[in-house]
Amino acid sequence: AQSVTQPDARVTVSEGASLQLRCKYSYFGTPYLFWYVQYPRQGLQLLLKYYPGDPVVQGVNGFEAEFSKSNSSFHLRKASVHWSDWAVYFCAVSIRNMGYKLTFGTGTSLLVDP
Amino acid sequence: EAAVTQSPRNKVAVTGGKVTLSCNQTNNHNNMYWYRQDTGHGLRLIHYSYGAGSTEKGDIPDGYKASRPSQENFSLILELATPSQTSVYFCASGDVNWGAETLYFGSGTRLTVL
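These protein sequences, in sequence, are chains A and B. In terms of this note's numbering, the first sequence opens at residue 9 and continues consecutively. In terms of this note's numbering, the second sequence opens at residue 13 and continues consecutively.
Be aware that one or more of the hints could be misleading.
Claimed, not checked - Here are the computed lysine-lysine pairs in the DSSO-like style, where the Cα-Cα straight-line distance is at most 30 angstroms:
(1) A:LYS57 / B:LYS30
(2) A:LYS77 / B:LYS23
(3) B:LYS30 / A:LYS32
(4) A:LYS77 / B:LYS30
Said to hold, decoys possible - Over the 12 angstroms line for every Cβ pair with chain B, so calculated as not near, a few chain A residues:
(5) GLU23
(6) GLN53
(7) PRO63
(8) ASN79
(9) ASP93
(10) VAL120
(11) ASP121
What the hints assert, rightly or not - Coverage of chain A stretches by chain B, computed from C-beta distances (three or more under 8 angstroms per stretch; other residues unrestricted):
(12) 39–52
(13) 69–77
Source of the hints: derived by calculation from the structure; they are not laboratory data. All C-beta atoms in this analysis are idealised placements derived from N, C-alpha and C, irrespective of residue type, glycine included.
All chains should be modelled from the sequences, with the hints used to inform the complete structure.
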């Protein structure tokens, strides 16, 4: 079965600094990959999604992610973090022949220092 | 604007009592999901549905039932609530596109079982 690992439970960055949140997946083939964001006291919202094709995917609010089959990774990046990015970020994977169901990682809490 | 609405927003229940969590979507999506969110576990799938009248077991269905009486409504039922079911519960509807599914989440129900 597929799985997702987010090795960092918490990441702290200064406002204006660059950001990378790590995600590793486990699956034999090429999965569909997603990043969702959860702002305080809200449900999750889609940031970006990867379909097989261009390995770099652009999302909302300046976020992007890069798929690497050789590293089984789908890391999230942002060039300059804003205080409003303070949230929990979830990586997720789905496999088409598994009925589209998403498997989520445990999430990374992003704290932004002013 | 697509919308998924959950009720109640907060619920306190007693051990052994029956709890019903409700979810309504105006997206006209066929697929709907119930997840619970716990620290250190991320989101875990409880039940899901592919349409009115259908329910399927997710990864952690024990102690939960689901009901999908219509396209718009999907309920999660705890017949005999236990303290281990204290959690935040999220409902989502799913839009399948190009072989992958994007989920739209409600704002969550915080359930405390005493």
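Open item on the list: Hint check: A:LYS77 vs B:LYS30, CA-CA at most 30 angstroms. Holds or violated?
Closed with: 46 angstroms, violated
Open item on the list: Holds or violated: B:LYS30 and A:LYS32, Cα atoms, limit 30 angstroms.
Closed with: 39 angstroms, violated
Task: chain B covers the segment 69–77 of chain A, three or more CB atoms within 8 angstroms, holds or violated - done: With 0 residues closer than 8 angstroms to chain B, the segment 69–77 of chain A misses the three-residue bar; violated.
Open item on the list: For A:LYS57 and B:LYS30, compute the direct alpha-carbon distance and say whether it is at most 30 angstroms.
Closed with: It is violated: about 38 angstroms lies between the C-alpha atoms, which goes past 30 angstroms.
Task: Distal placement of A:GLN53 relative to chain B, Cβ over 12 angstroms - done: 7 angstroms, violated
- [ ] Please settle this one: A:ASP93 was flagged as non-interface, so is its CB more than 12 angstroms from every CB on chain B?
- [x] 19 angstroms, holds
Task: chain B versus A:GLU23 - minimum CB to CB distance exceeding 12 angstroms, so not interface - done: Fine: 26 angstroms to the nearest Cβ keeps A:GLU23 off the interface.
Open item on the list: Is the claim that A:ASN79 lies outside the interface with chain B correct, judged by CB distances over 12 angstroms?
Closed with: 21 angstroms, holds
- [ ] Determine whether the non-interface label on A:ASP121 survives the test: each CB of chain B must be over 12 angstroms from its CB.
- [x] 23 angstroms, holds
- [ ] Report holds or violated for chain B covering the segment 39–52 of chain A, Cβ cut-off 8 angstroms, minimum 3 residues.
- [x] holds (count 7)
Task: Hint consistency between A:LYS77 and B:LYS23 [alpha-carbon to alpha-carbon, up to 30 angstroms] - done: Violated - the C-alpha atoms of B:LYS23 and A:LYS77 are around 44 angstroms apart, more than 30 angstroms.
TODO: Just double-check A:PRO63 for me: nearest Cβ-Cβ distance to chain B has to come out over 12 angstroms.
DONE: 16 angstroms, holds
The structure shown violates the earlier hints numbered 1, 2, 3, 4, 6 and 13.
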